[in-house]
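From just these sequences and the hints, can you work out the full model?
This is what each chain is made of:
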Amino acid sequence: MLCERCGKKNAEVHIRQTIQGAVSEHHLCRDCARELTSGWKPGSDFLEFSIGSFLENLCKTLGPELREQGKAAQAVPSCPRCGLDFERFRKTGRFGCADCYQAFREWIRPLFTRIHGSETYRGPVPGPGAVKSVDDELERLKMQLKDAVSEERYELAAALRDRIRILEGRLRDER
Amino acid sequence: MNADQILALPVPWVEGGQENPSDVVISSRVRLARNLSRFPFVNRATPEEKAAVLEAVRQAIQHEPLFRECAWCRIGEMDPVSKGILVERRLMSPDFLQGSQERVLVLDSRGIVSVMVNEEDHLRIQVLLGRMALCEALRIASAIDRALYCLDFAFDPEFGFLTSCPTNVGTGLRASAMLHLPALRMSGAMPEIIAQSGRLGLVVRGAYGEGTTSAGALYQVSNQVTLGLTPEELTEKVEAVGSRLVEQEARARSALLNGPHELEDRIWRAWGTLLYARRLGLAEAMECLSLLRMAQEAGMKGPFEKLAWGPLFLAVQPAHVQARQGRLLTEAETDTARAELVRDALGCLR
Ligand SMILES: [Zn+2]
Ligand SMILES: [Zn+2]
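Respectively, the protein sequence lines represent chains A and B. Taking this note's numbering, I'd label the letters of the first sequence as residues 1 to 175. Taking this note's numbering, I'd label the letters of the second sequence as residues 1 to 350.
When the alpha-carbon atoms are kept at most 25 Å apart in a straight line, the in silico SDA-like pairs for lysine to any residue are as follows: (1) A:9 - B:192; (2) A:9 - B:191; (3) B:306 - B:257; (4) A:142 - B:11; (5) A:142 - A:172; (6) B:237 - B:135; (7) A:142 - B:111; (8) A:91 - A:118.
Hint data in this document are derived by calculation from the structure and do not stem from the laboratory.
Put into structure tokens, the structure is as follows:
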């Protein structure tokens with residue numbers, strides 16, 4: 001895994017951080033660790049600290065111009081919907097609404113690369129017309145089966161079991 | 001829901017091992033973070049907006065067969081012991097119990113599915129199963145996710161599902177397995193394992209307590225990144241590393257068991273502690289139970305053969321101890337009550 005700050009060197013320092021009870025973990029190369037955290041010493045691969053937000057540190061380095069951060073942040077428009085400005089996002093590391101992603105799009109790509117090693121989503125796409133899949137059907141049948149058994153409706157249970165077996169077989173063939 | 005109703009719910013990850021109790025993997029959990037696009041995220045939402053989120057969710061699950069046997073628990077109205085039990089059963093996060101009136105936990109009567117509404121994100125869908133069953137857990141969580149697409153989740157074609165914190169964006173998925181790794185810990189291998197897992201984009205950490213030591217030798221393996229890989233790929237990665245740790249643990253155990261009698265001594269001492277202690281702290285109880293579980297799995301002969309690890313592991317947790325006593329206890333009182341209930345449980349086995 002690459003260092004989540006510079007994205008260049010191997011992450012060798014693993015940081016666990018607690019903010020108001022919420023635990024998050026971060027992975028840094030030795031150089032970035034030395035720079036960002038004062039408590040880290042060479043030789044310790046694990047470090048805990050609860051004050052000062054690491055994600056904040058990560059976010060602070062975002063923006064158009066690193067040298068003039070105050071000005072640079074003003075150059076990024078605030079979220080038109082919830083009013084979150086980029087300076088505040090850099091401080092808190094939290095988005096305010098879905099539109100923040102749109103407003104800050106070009107500035108947050110590098111952040112995602114650092115955190116996730118990628119900036120592009122892969123996975124299922126939601127939609128109002130999303131087709132119910134075989135999986136959903138199976139889950140539904142299993143719930144019905146449980147009811148049928150507890151209500152002692154054994155004929156129905158047997159029929160449900162057959163249907164589950166057929167669907168599971170079909171899934172196995174597909175995969 | 002009150003404490004008694006919650007205590008009556010099944011706990012699959014604890015009961016799962018009746019037929020074959022020997023398993024390094026205790027439980028598998030999949031969590032999906034989702035937000036409703038038409039409301040601001042929880043940290044910037046007004047109480048009215050959070051209430052509107054609740055109402056939208058309530059309507060969406062009302063007629064959804066997947067949620068037919070679910071309880072709707074308003075966190076603000078629950079007593080501390082009930083909330084503690086839910087956390088100890090890992091049905092909700094410790095953070096969730098603080099807080100606002102607009103927090104609701106949707107609880108499935110099978111003890112498998114729980115949905116936190118208005119936590120850090122509008123929805124945290126969680127599926128918790130016994131043993132290594134991450135793919136199954138993902139399958140169930142995805143079915144629930146799809147059933148709730150009618151809520152119009154915040155989604156961006158480039159970034160995926162949008163979350164309040166940038167560390168969850170994309171799949172919103174956290175897949176984690178809880179493993180019992182006493183031998184790897186004893187052999188001093190955990191710091192290296194923790195460091196290595198980071199390189200793979202995974203996190204290994206103590207499930208109870210901090211850092212490289214974990215009470216009861218319980219560790220959690222989970223994915224660190226959420227963007228760039230599909231939910232299936234992330235889950236398979238966690239499962240693959242989990243399986244490798246299971247193999248390593250088995251090797252470490254056979255090395256320990258074939259070594260000098262030190263381990264055997266420790267196991268019997270653990271039995272003695274549990275059987276005779278008058279005050280028993282949580283960490284000590286979990287350590288002793290860990291040793292006895294290992295003894296069982298190694299097939300060692302002794303009175304601990306018939307010990308039911310899971311139910312006792314839950315029973316010694318603070319809120320469970322207090323529920324049994326029917327009142328809030330100080331820490332010292334809890335330690336005394338814990339020692340007593342463990343003595344009772346073990347006394348029957350002799
Ligand atoms: Zn670096
Ligand atoms: Zn916004």
